[in-house]
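Enquirer: Sequence:
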Amino acid sequence: MPPSSFNITARILHWLMAAMILTMLFVGVGMMTSLTLRPWLLDLHIPLGVAVLLLVIVRLINRLTRPVPKLPGEMPGWQKYMATILHWVFYALMFALPLSGWAQLSAGGFPVRLYPGFHLPAILEQNPTSYALLHDSHRIMAWAFFFMIVGHLSAALIHGFIYRDNILQSMIGQKKLTDKSEEICSDQ
1 MPPSSFNITA
11 RILHWLMAAM
21 ILTMLFVGVG
31 MMTSLTLRPW
41 LLDLHIPLGV
51 AVLLLVIVRL
61 INRLTRPVPK
71 LPGEMPGWQK
81 YMATILHWVF
91 YALMFALPLS
101 GWAQLSAGGF
111 PVRLYPGFHL
121 PAILEQNPTS
131 YALLHDSHRI
141 MAWAFFFMIV
151 GHLSAALIHG
161 FIYRDNILQS
171 MIGQKKLTDK
181 SEEICSDQ
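For the sequence shown, position 61 (counting from the first letter as 1) is numbered 61 according to full-length UniProt numbering, and the numbering increases by one without interruption.
Worth flagging that the hints you see were computed from the coordinates, not collected in a lab.
The model shown is predicted, which means the values in this text are computed figures rather than measured ones.
Hints may contain errors.
[Stated by the list, open to error] Ranges between beta-carbon positions, derived for each pair:
id, residue 1, residue 2, range
1, L99, L64, 11 to 21 Å
2, M75, Q126, 45 to 55 Å
3, M75, F147, 17 to 27 Å
Even glycine gets a Cβ: it sits at the ideal position worked out from N, Cα and C.
Working from the sequences, and respecting the hints, build out all of it.
Expert: Here you go:
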């Protein structure tokens, strides 16, 4: 029988990575808008990106080896289909964004510095054309990821507080919220 909520590892990784990814997105915007803060922001952005890449590997292994809650039976088929597709697109972007950032810096001939004195090896040869293409693709994927996160958050809140169908609660680790009218009717 499927569990009613995600396992504790999945929940911790979800919320930890959510905080890291939101930080990454805002730091990324800051790097584009402030030349003065750009070096400091880049020193924050790169290690966070590497951490996201490592954690998504752990998260994917956990996801593939542990049972997950079923989507509600009353949920329309098209919503189940979209939820499944978008779930895997999230994973793809959690891999693609850090890798494209690493490749972009490599193609630009820039060091991928995790902390002073420790650099990751380049994964591409220095090439200005590749750098430009990777820069644009990294930016486009980041914006797409941002809008997906807004949609994901909106859907989670709708399912949690309007439909009350246990989707939000399965990631929080709470029991299903009940409708107040159900409680009143059951008392009579």
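Enquirer: Is 45 to 55 Å respected by the C-beta to C-beta distance linking M75 and Q126?
Expert: At 49 Å between Cβs, range holds.
Enquirer: Please check whether M75 and F147 have a Cβ separation lying inside 17 to 27 Å.
Expert: Given about 22 Å between the Cβ atoms, the range holds.
Enquirer: Could you say whether the range 11 to 21 Å given as a hint is met by the Cβ separation of L99 and L64?
Expert: holds (19 Å)
In the structure shown, no violation is registered for any of the earlier numbered hints.
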